[in-house]
Amino acid sequence: MNNDNNMNQDILSDVAMVVDSKSFLERWSISLKRDQLWPFPVSFSCCSTELRGFKGKHFEPSILDLHEYFREPDKADLLVLGGTITHKMAPRLKEIYRQMPEGKMVMAIGACASSGGPYWTYSVVQGVSQLFPVDIYLPGCPPSPEAIVEAFSSIEERLEKRVSAISQINWSLNV
Amino acid sequence: MFDFQAQENEDLIQNRIALLERMVSKFGDKLNFENPLNMSFDENLDSYYPLIKELKTFFGFNFFLNLWGTDTEAEGQTCLQVQLLNMDTHQRLVIKFMVPEGQVVPSLTNLWKGCFWCEQETWDMLGVEFSEIPKERIFSPDGMEGFPLRKDFRPKPFQLKSSKYEFTPDPRVDREIWKQRTVLEKDFFLGEVNGPVKAILECDEDKVARGRLEVGFLHRGIEKIAEGLEARQILVHLGRINMNCSSFYEQVFCDGVEAHLDIDIPERAKALRMVINEIERIFEHLDTLGRVCDNLGCKPFLFECLEMREGLTQILKEYSGRRMPHQIIILGGVFKDTPKGWITDCLRVLEIVQKKTIEISRMISKSTLWMDRLCDYELDSNQALSWGVTGPNLRASGVNYDLRKVNPHYFYDDIDFEIPLGINGQCYDRYLVRVEEIFQSISIINQLLDNLPLGSHLSKDARIYIPFKEDVYKESEALIAHHKLIKEGVQLPIGEFYNSIESPNGELGVHLLCNNSSRPLRFKLRTPSYYSGQCFSDVIEGGEPDEVPLVISSLNISIGEVDR
Chain A
16 MNNDNNMNQD
26 ILSDVAMVVD
36 SKSFLERWSI
46 SLKRDQLWPF
56 PVSFSCCSTE
66 LRGFKGKHFE
76 PSILDLHEYF
86 REPDKADLLV
96 LGGTITHKMA
106 PRLKEIYRQM
116 PEGKMVMAIG
126 ACASSGGPYW
136 TYSVVQGVSQ
146 LFPVDIYLPG
156 CPPSPEAIVE
166 AFSSIEERLE
176 KRVSAISQIN
186 WSLNV
Chain B
271 MFDFQAQENE
281 DLIQNRIALL
291 ERMVSKFGDK
301 LNFENPLNMS
311 FDENLDSYYP
321 LIKELKTFFG
331 FNFFLNLWGT
341 DTEAEGQTCL
351 QVQLLNMDTH
361 QRLVIKFMVP
371 EGQVVPSLTN
381 LWKGCFWCEQ
391 ETWDMLGVEF
401 SEIPKERIFS
411 PDGMEGFPLR
421 KDFRPKPFQL
431 KSSKYEFTPD
441 PRVDREIWKQ
451 RTVLEKDFFL
461 GEVNGPVKAI
471 LECDEDKVAR
481 GRLEVGFLHR
491 GIEKIAEGLE
501 ARQILVHLGR
511 INMNCSSFYE
521 QVFCDGVEAH
531 LDIDIPERAK
541 ALRMVINEIE
551 RIFEHLDTLG
561 RVCDNLGCKP
571 FLFECLEMRE
581 GLTQILKEYS
591 GRRMPHQIII
601 LGGVFKDTPK
611 GWITDCLRVL
621 EIVQKKTIEI
631 SRMISKSTLW
641 MDRLCDYELD
651 SNQALSWGVT
661 GPNLRASGVN
671 YDLRKVNPHY
681 FYDDIDFEIP
691 LGINGQCYDR
701 YLVRVEEIFQ
711 SISIINQLLD
721 NLPLGSHLSK
731 DARIYIPFKE
741 DVYKESEALI
751 AHHKLIKEGV
761 QLPIGEFYNS
771 IESPNGELGV
781 HLLCNNSSRP
791 LRFKLRTPSY
801 YSGQCFSDVI
811 EGGEPDEVPL
821 VISSLNISIG
831 EVDR
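As given, the protein sequences belong to chains A and B, one line each in that order. Residues in the first sequence are numbered from 16 upward in steps of one, following the numbering used here. Residues in the second sequence are numbered from 271 upward in steps of one, following the numbering used here.
Among these hints, one or two may not hold up.
To be verified - What the simulated footprint calls covered on chain B by chain A, stretch by stretch (three residues with Cβ under 8 Å from a Cβ of chain A suffice, anywhere in the stretch; the number is not a length):
1. 410–420
2. 482–490
3. 589–600
What the hints assert, rightly or not - Between beta-carbon pairs, the in silico distance windows are:
4. S635(B) / Q141(A): 39 to 49 Å
5. Q141(A) / N721(B): 44 to 54 Å
6. S168(A) / F437(B): 41 to 51 Å
7. Q141(A) / I693(B): 41 to 51 Å
8. Q141(A) / I283(B): 46 to 56 Å
9. D607(B) / C156(A): 20 to 30 Å
10. Q761(B) / Q141(A): 27 to 37 Å
11. Q141(A) / G591(B): 23 to 33 Å
12. C156(A) / K610(B): 24 to 34 Å
13. Q141(A) / V676(B): 37 to 47 Å
14. C156(A) / Q761(B): 22 to 32 Å
If you're looking for bench data, these hints aren't it; they were derived computationally from the structure. In this text, a Cβ means the ideal position worked out from N, Cα and C, and glycines have one as well.
This is chain B alone, in the form it adopts within the complex (with noise of 0.2 Å):
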């Protein structure tokens, strides 16, 4: 029989050496090949731009992932990073530069749309400024002296300015026709979308013209907060950026500093990580399902999605013993083993869920009320890729691309799963990706606890491991590692790492600069939602102003994941 996945693995390495071939010949000694593969350049920014659109149009990097500065030890220089992907060969690329005090960077907003958000950002957290970009606060309080990611940043007392935002003329219409359109601005501070978040439209009578979100009302600060903590204080903060699936932000983390340090964790823990993240799954697609239904009228269902979360959430409790941020996976591993009975109660729940899931679904999926409200505000896969969307939404434009299946971890290869595929990029897609995605999360974690195999919870590393009290108060050595790992923190040594993993939201990256100390230099997180905040401007045009909660809804936007 011919084997059309190791004809697949063997394309994929074929296409990716020649890339890489075509690069080394091309750019010669710039490239550095760690993980991820690093591209730098020490001259001045006359390059940038170019460089980044023959990358783009020559050598395949067609995804844009991310954009960010540090702030260095020379004086007023700002290194500044950006990531990108090739989709065919799945390979990753990361650009340094660096960027002198005071000169202007030219935007990258031609290339990908999604870099709008980032490039606001790097000049309101690090003062780099940047063409073509309104140098305006978007997270931090307008009004706020200096920059707060630089590292002479002090916070003094200040006062709050109000600025309101406003539209520049539009350029498909006429100036006289754009005069007459009317703005409105709603606030969604009740409950009605994850988050606290304001809208901005434009309206050309009853209709959306265009449209923006204002965010910044959550911003907590924690990539600055990061930089003064060690790894298992940055797990406290991590699971509490987007509560209902804090399991994937401990793991990502997780994950890549125990690859840093090159620490191979027990086959259980990766199981029951991998447990733990898809009941995650579960639970966040049910949440959005849960405001869809909400924001459409259907008390009903929003009730039983209600219960169904409530069901997990005493599954996960009934695990650690705490409700909300579970806190299940530490550095190592996960923190205990499966209680008794455990297992047998959690297929019981998914059963449950699986069942009303199923239910649900058969109502409302054909029904001509639901498919009226939803099949609209459309996404297509060439607005999704330029704006940087992934997950759930991008799949419902119909480009397949999850890290479960091109870049598997853990026991993702040996399971059998589907990767389900929108069309239209419609909110009704988006509703069946995700009720689809339920029952494929369901299907893996029967399969995984099946199988799970035996062993220890946790790595015995000396460098991530605290001994247990007993032992102690009994040996010298357990003492000194106790007392070297409460005081100090884990040691992290010299370089940078970027770990991703496929998150209910998209694709959620950890990006640790290291400095041979337990504090990290620069911590940078690529939220899924950061994304699909922005091609919100999109996909509300042309609609109507009072369905905005839908259609944020429908996108599943996080602002606790976009303000961070």
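The following block holds chain A by itself, in its conformation from the complex (with noise of 0.2 Å):
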């Protein structure tokens, strides 16, 4: 348990250094140093209230809290999809994963974002798979904070074995 403390601090304080520092090649040493998650969390409908619960103090230290910090597209690394996903709604998410930087992935938070969920008709996405590749589906209407937190360590493990949806499919770019 001390040992996992300890941890958690190291983490928090290598985070403080990722929000503080304004150099761009600090940030990018401590980003090459650990694999550091930079999420861009997109939400829409219920799942997206779970996310925003996630942030308060019950699931310290949670890597959302961060989100404030990168609103831009072209700074994260890992796609957060909540919520139903409309066609109305499709060409702005590929626009947004075409402009994120090599290396990225994406977590289908939820039933709606991974196949449609119950919403068979007419305007409805039938999952983000559809649109690009995906790394991790979570199941759930909504999954519960805890299941999102399950999801991050599994996502910092494919992180660790470096594979991602895209090394393995051999995905053509021109989405």
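Take the two lone chains, each set in its own frame, and fit them into one complex as the hints suggest.
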């Protein structure tokens, strides 16, 4: 337990450095040193409520506390999608995905983002995988905050093993 | 002692009778005294606009509630329904017109501005054409063929078209000046506001001259889905429209179906439903408060609000076992009695919420920064009534209209609470009204939990009650009832009903057209954010483009409610 606490404090201090440091080089070196996640949460409907609750004090240290600082997709490397994706929304999402730098990962939160959920209608895209490759599918309607924490840890595992959906599929990037 | 309340009620009833007498003498046999009051016209559309104008000017139906269409069995005919409200006598009226295919219906936007999205949606969903209304898709994807709510609609693959909205010339200024204006498009997809939305702003130098919201990024077609589902299945979808106040959606539907089937639910169930609703009201108001703080840059208060919300979520989880769409309210009552010790826990959490809210409001209400930023973006009462805005936004403009007082259901009649009112209709008034409503809700819950009636929590009426599995194995009657309810669903007798409730954002209504089967013919929701979303274009005038998320969150426009 003690070890874990120390680890958490370690992460927090690094995170604080990432946020405070102004120079790009410094941030870059930190992000190279340890595989720091820079998430970019796109939130729509119900699952975003759970993402929002996740920002509260109950789940410290929460990675999403940081998301205020990464409002630009061209600096993020993890796209977090929560909610129903409609046909009207799809072009905008593709644009965000294209703007993200190389080595990007995608996480679909909830049944709607994963597969369309209960909404099998004229206006809903049946899952994000129709738009671009997805790393983590998180089931639930909506998933609990514990499940979201678990998903983030499995994303970190994939980072350690250097696996991502793009490298596996050999995806052509002309989305 | 002179009883003011009784006198008021007597006056109200007399006014209502006088109004009905006048209407009967004028319209005669066209009126149909159902609940709600119906008025059907099978003639041609020539009398459509003059009739509604007459109702507005001479009969006091000054509030526009809803406009929707239904595809009928007759070839190419659409039944157009307009719902109006008389605010003095609280009398509702539904006017029905049959529209043949290809006929252009005169638009009502001259009378009420709030009809705009309704009429555009009617074209989008059913193909009914309105004069002065652009034929653009508002909710369904652009480029799709066909009209979704028609019975013969079959979805086909399509190519998405990207269309750009263009402002028409402003009649208030010269054409030369208008041409110098720039158009800004801002999209909010990252959780700044409650749902994905795009704001299109026409800017005159730094100020916004005109603005509108583009919606439809979260349109899931719940009204279409509901036509193929039975009552219990619809409930699941209703809880997911606005996750912050899901119990209101469940209650308005359950209450309507119960009234339609003529079922009386136990008193304990009524009281528990009220408790759950008021908890959700606090939940939604705290969410709004947190968003306003977030958009003003007051991060500590945002985290305080989120923590209070988390406490309330834990309370609801303790009750139901689920976190977010808890689905406590089901047909016939609530699905479970209160767990042991829940009432004490609930009171404890509410005390903390009250203490913290008082603390926060003391810190920020009088601070100059808070007042400087929020004393702006006015929505006066005339505008609010014209747009069809209800709820705290209307009350912040100074109009005293709350369904809990004017049309009390369950025990709201016996409970002592007050309706806070604003004066100017600015963001600051809306904030104050919401904070005061939190305190009133806490007081309502305290009164209810002190006098919680004893008895069953679920009605055992055979038409809606699913027997326990143990009984099913032993008794043949229970087996038959179980099989019928699971296989066919709740049978809804022929007819239609409208039921409404005061949700945290305003009047939430559900309209159901049933045809002696378990599936409804038409399912229509009147969601409050639909109308406060339209009034955004009036509120933002003269403001700054950077403060759009602040205005949206202070009006509490929930896009899930708008798009459905």
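Structure-based check of all given hints:
no.: 1; hint: 410–420; in the structure: holds (count 5)
no.: 2; hint: 482–490; in the structure: holds (count 5)
no.: 3; hint: 589–600; in the structure: holds (count 3)
no.: 4; hint: S635(B) / Q141(A): 39 to 49 Å; in the structure: holds, 48 Å
no.: 5; hint: Q141(A) / N721(B): 44 to 54 Å; in the structure: holds, 50 Å
no.: 6; hint: S168(A) / F437(B): 41 to 51 Å; in the structure: holds, 49 Å
no.: 7; hint: Q141(A) / I693(B): 41 to 51 Å; in the structure: holds, 50 Å
no.: 8; hint: Q141(A) / I283(B): 46 to 56 Å; in the structure: holds, 54 Å
no.: 9; hint: D607(B) / C156(A): 20 to 30 Å; in the structure: holds, 26 Å
no.: 10; hint: Q761(B) / Q141(A): 27 to 37 Å; in the structure: holds, 32 Å
no.: 11; hint: Q141(A) / G591(B): 23 to 33 Å; in the structure: holds, 30 Å
no.: 12; hint: C156(A) / K610(B): 24 to 34 Å; in the structure: holds, 29 Å
no.: 13; hint: Q141(A) / V676(B): 37 to 47 Å; in the structure: holds, 44 Å
no.: 14; hint: C156(A) / Q761(B): 22 to 32 Å; in the structure: holds, 28 Å
In summary, the structure agrees with every hint in the numbered list given earlier.
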